[in-house]
Amino acid sequence: MKKKIKIALAGNPNSGKTTIFNNLTGSRQHVGNWPGVTVEKKDGTFTYEGIEMKVVDLPGIYSLASHSLDEKIARDFLIEEKPDVVVAIIDSSNLERNLYLAVQLLELGVNLILDLNMIDIIENKGIKIDIKELSRVMSIPVIKTAANKGKGIDNLKSAVKDIYDRREKNTFEIDYGNDLENEIRNLSRFLGEKKILSRYSLRWLVLKLLEQDENILAKIKGLPEEKEVEKKVFESIAKLEKHFGYDVETAIVERRYAFLRGLAKECCHKIMGIRERKEITDRIDQIVTNKFLGIPIFLGLMWLTFQLVFTFGAPLAALIDSFFGWLGGIVSLGMNVLAAPAWISSLLVDGIIGGVGSVLIFLPNILLLFLIISILEGSGYMARAAFIMDRVMHTMGLHGKSFIPMMLGFGCNIPGIMAARTLESEKDRILTILVNPLMSCSARLPIYTLFAGAFFAKHQGLVVFSLYFMGIVLAIVVARIFKSIFFKQEVAPLIMELPPYRLPQVKSVLIHMWEKGSLFLKKAGTIIFVGVIFIWLLASLPAGVEYASKESLIGKLGSLLAPLFSLAGFGTWQAAVSLLFGIVAKEIVVGTLGTLYGVEGMGLKNVILQQFTPLSAYAFMAMSLIYIPCIAAIATIKKETNWKWTALAVGYSLILGWVVAVLIYQIGSLFS
Amino acid sequence: MNFLSPSLEDYLETILMVSLQEKVVRVKDIVKLLNVKAASVIGAIKILNEKKLVNHEKYGYIELTTKGEMTAKKIYEKHQILFRLFHKVLGVDVQTAVKDACQIEHYISEETTKKITELVEYIETLSDKKKDLWLSDFGNFLREAALKKKNTQNKDGRNQVSSILTLNNLKIGQKAKIIKINPESKIKKQLLSMGVLPGVEVTVRKVAPLGDPIDIILKGYHLTLRKEEAVCIEVEVLE
Ligand SMILES: Nc1nc2c(ncn2[C@@H]2O[C@H](COP(=O)(O)OP(=O)(O)O)[C@@H](O)[C@H]2O)c(=O)[nH]1
Ligand SMILES: [Mg+2]
Numbered sequence: 001m002k003k004k005i006k007i008a009l010a011g012n013p014n015s016g017k018t019t020i021f022n023n024l025t026g027s028r029q030h031v032g033n034w035p036g037v038t039v040e041k042k043d044g045t046f047t048y049e050g051i052e053m054k055v056v057d058l059p060g061i062y063s064l065a066s067h068s069l070d071e072k073i074a075r076d077f078l079i080e081e082k083p084d085v086v087v088a089i090i091d092s093s094n095l096e097r098n099l100y101l102a103v104q105l106l107e108l109g110v111n112l113i114l115d116l117n118m119i120d121i122i123e124n125k126g127i128k129i130d131i132k133e134l135s136r137v138m139s140i141p142v143i144k145t146a147a148n149k150g151k152g153i154d155n156l157k158s159a160v161k162d163i164y165d166r167r168e169k170n171t172f173e174i175d176y177g178n179d180l181e182n183e184i185r186n187l188s189r190f191l192g193e194k195k196i197l198s199r200y201s202l203r204w205l206v207l208k209l210l211e212q213d214e215n216i217l218a219k220i221k222g223l224p225e226e227k228e229v230e231k232k233v234f235e236s237i238a239k240l241e242k243h244f245g246y247d248v249e250t251a252i253v254e255r256r257y258a259f260l261r262g263l264a265k266e267c268c269h270k271i272m273g274i275r276e277r278k279e280i281t282d283r284i285d286q287i288v289t290n291k292f293l294g295i296p297i298f299l300g301l302m303w304l305t306f307q308l309v310f311t312f313g314a315p316l317a318a319l320i321d322s323f324f325g326w327l328g329g330i331v332s333l334g335m336n337v338l339a340a341p342a343w344i345s346s347l348l349v350d351g352i353i354g355g356v357g358s359v360l361i362f363l364p365n366i367l368l369l370f371l372i373i374s375i376l377e378g379s380g381y382m383a384r385a386a387f388i389m390d391r392v393m394h395t396m397g398l399h400g401k402s403f404i405p406m407m408l409g410f411g412c413n414i415p416g417i418m419a420a421r422t423l424e425s426e427k428d429r430i431l432t433i434l435v436n437p438l439m440s441c442s443a444r445l446p447i448y449t450l451f452a453g454a455f456f457a458k459h460q461g462l463v464v465f466s467l468y469f470m471g472i473v474l475a476i477v478v479a480r481i482f483k484s485i486f487f488k489q490e491v492a493p494l495i496m497e498l499p500p501y502r503l504p505q506v507k508s509v510l511i512h513m514w515e516k517g518s519l520f521l522k523k524a525g526t527i528i529f530v531g532v533i534f535i536w537l538l539a540s541l542p543a544g545v546e547y548a549s550k551e552s553l554i555g556k557l558g559s560l561l562a563p564l565f566s567l568a569g570f571g572t573w574q575a576a577v578s579l580l581f582g583i584v585a586k587e588i589v590v591g592t593l594g595t596l597y598g599v600e601g602m603g604l605k606n607v608i609l610q611q612f613t614p615l616s617a618y619a620f621m622a623m624s625l626i627y628i629p630c631i632a633a634i635a636t637i638k639k640e641t642n643w644k645w646t647a648l649a650v651g652y653s654l655i656l657g658w659v660v661a662v663l664i665y666q667i668g669s670l671f672s
Numbered sequence: 001m002n003f004l005s006p007s008l009e010d011y012l013e014t015i016l017m018v019s020l021q022e023k024v025v026r027v028k029d030i031v032k033l034l035n036v037k038a039a040s041v042i043g044a045i046k047i048l049n050e051k052k053l054v055n056h057e058k059y060g061y062i063e064l065t066t067k068g069e070m071t072a073k074k075i076y077e078k079h080q081i082l083f084r085l086f087h088k089v090l091g092v093d094v095q096t097a098v099k100d101a102c103q104i105e106h107y108i109s110e111e112t113t114k115k116i117t118e119l120v121e122y123i124e125t126l127s128d129k130k131k132d133l134w135l136s137d138f139g140n141f142l143r144e145a146a147l148k149k150k151n152t153q154n155k156d157g158r159n160q161v162s163s164i165l166t167l168n169n170l171k172i173g174q175k176a177k178i179i180k181i182n183p184e185s186k187i188k189k190q191l192l193s194m195g196v197l198p199g200v201e202v203t204v205r206k207v208a209p210l211g212d213p214i215d216i217i218l219k220g221y222h223l224t225l226r227k228e229e230a231v232c233i234e235v236e237v238l239e
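Chains Z and B, in that order, are what the protein sequence lines are.
Take the first sequence: its position 34, counted from the start at 1, is 34 in this note's numbering, and no numbers get skipped.
Take the second sequence: its position 124, counted from the start at 1, is 124 in this note's numbering, and no numbers get skipped.
To be clear, the hints were calculated from the coordinates, so they are not data collected in a lab.
Do not take every clue at face value.
[Claimed, not checked] Calculated lysine-lysine pairs in the DSS-like style (CA-CA distance at most 27 Å, straight line):
#1 54/Z - 161/Z
#2 177/B - 242/Z
#3 3/Z - 157/Z
#4 186/B - 221/Z
#5 32/B - 74/B
#6 219/Z - 99/B
#7 169/Z - 195/Z
#8 227/B - 291/Z
#9 82/Z - 157/Z
#10 242/Z - 180/B
#11 242/Z - 99/B
#12 72/Z - 221/Z
#13 265/Z - 132/Z
#14 427/Z - 188/B
#15 483/Z - 188/B
Chain Z on its own, in the form it takes in the complex:
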């Protein structure tokens, strides 16, 4: 059997893990979930000198203390899956804090390589890191990379192969000082003899017990020796705390950092002061997070994002539109030539091509949106956005970090809802998830583009922006109401690094963009496809009716619901039906209208102009924004929470959507 080396990439957030991962694997990567949870897991493969290697990009973490889900995932993976080699990705411009994680990895007993990434940044400043010394003191291989330029990646590959071939047991240990070492020795002897939790490295286990690591304490619970272990550990802790005058956990962390401070001093020829290192970052921040400019800049960037998506997306969308028009023409011509039954021709042209075309047309917009989002993330601006917006999110009863899921929600609520996993407190997570569908996702864009384009061509950007804005305002109100009903407690803390500004790597941005774009396509390709076919069926049954006529099943259903919407100004059965099928996925609304009116593209626009007024069009867009998250979002909410919250998410949005649409129409009618 051919051997396969399993590699894990570990490091602080923003240390360049994903960039290195992309450099290693190129396009040979797969995005999925960590088992049992919905935190994104990326793995990929590459071959080096004929050996196949499998890489996993672990979540960005600062320690292995397991106080957050990310840390727990990383730790469980390292302990349970036992990767052959772990690469600690270090941001060289912040050696000390980055090495803290590396030291913990070593204590865990993994086979470690130290990768000093971002070496370009510090070498530009004329600072040299003594790799030999670092390697000697920590007794592990050390290499340098500048991942954004692809430099040093080959060294990394060969280092992985080397360390794998050698398979030496690492012997590195931090000296915690006599008092701690005595207790460590005592406890090690005790645990060693009893063979308690022997799958962990003994020294690491003892340290975690002294640090009162919740996860490990939970593992001790239920063992026959539980009481004995607890007593021993407690005795040690009591003794040490009396001696130190403060808690043991702090003492342990302090000693690790003390060691690292010494090490960093020894290995760096000139340790950078904050002023030298962050020159550019500080200068940018003087403006970007400025007391007066911060918020306008933030809002401006958001506005710019959407303008870019529209102006650059439009010509491409037109191209796709004409392609599907052409394809439909060809197919129906071919069907005529083949003398195929009319219903097959209709299924292909009206159902499949018409429906899928109506969705694909918006792919350019979506790709552009994600392009910008990934630039915001990679550059470090996202963290500033959280810094600027935390006060607001906090008053919503949320966390500055909830801003990111919300922001992602603008692309698609599914990754948005999933990104809520970054929130440590369950309450924050649930609130963030519940209001996330109010963030107007890109699947609503087709609806806005169609209606705003038809009725508000001159102010299209402004009208669409107002809908996004309405979603945000409603989210604030809903979040506050839900918080006061369901969670009266406080929110989770905000403790977050503001990373230095960096130029995002083109390759990483493109990969990210494609990943999210294809996620949308997959959704479009499966759920939407099925949805459109389903509509076509409903529109064609019972057998013999005229396609999509009022007598078809779908027409009857629509007629039944229409009176409900006449209060909002769009009481036609076609509008009702399209909304009904928007539940399958919101992008279907446009496809459905196209199918129902038997037209697409410009033709659809003309029909819409006859069927709606500007006011009812706006009410219709608001309804589309608010009512019921799409099926995929409902499924994701269920996966992240439970049926109770899912039912709430569906129920409140349905009622709210109808109420808002009616209010817009009724109040608007008073003025016109």
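Dock chain B with the ligands against the given chain Z, drawing on the hints supplied.
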């Protein structure tokens, strides 16, 4: 009137405490706990017996009467609430708090006890966050008061007041050294792993446009946290 001297009250209280832990109460238990002579204990028990607060057969066990138990419990409750006030709220160290509670419990009125109980209970019902804020506020108030005092007595210069604050009270540009992180704080682990440790220097760099959170620099990087979280970090101002 059923007046008891402080020392008799102490005996009564001790009997109650022993009876809560042991099956029976003997003279020698009291001797051991109060560190007095057996003769004095027997003398006191005799008086208490006369007042119908305890039953005591010669050389047998001591037993509280219902009336005795009620009296004892009242004193004990006073002791407890005073201790909570001194130690938990005001931060007096354990030994002093116990000693003072032992003294005052004999003289304090029912009414005052009730008010103190209400105050302590109110403070203890506050959420952790509010309690932290309250205590930090209180601490800062005391420090400022001390500082003012120092300034007025500046000339003799003997009064040493350190400039210890919680991190949320630093001004932009101020540099400080971390003294300690509240060990009870739920965010301690997270702070520690990010290098927020005793002895580390921090500079407050910025406050977000809307007034919260703050941006601090430590160990060569920017960290942002809310003021309500900075409350659990005690620092000493350097410049
Ligand atoms: N100058 C420089 N920038 C880098 C390097 N490696 C990554 N970056 C940039 O740092 C940012 C964060 O990188 P990313 O891979 O997303 O970090 P992760 O959070 O650890 O996955 C991106 O903008 C990268 O382009 C490097 O070696 N040098
Ligand atoms: Mg990453």
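Name the hints, by number, that the structure is in violation of.
6
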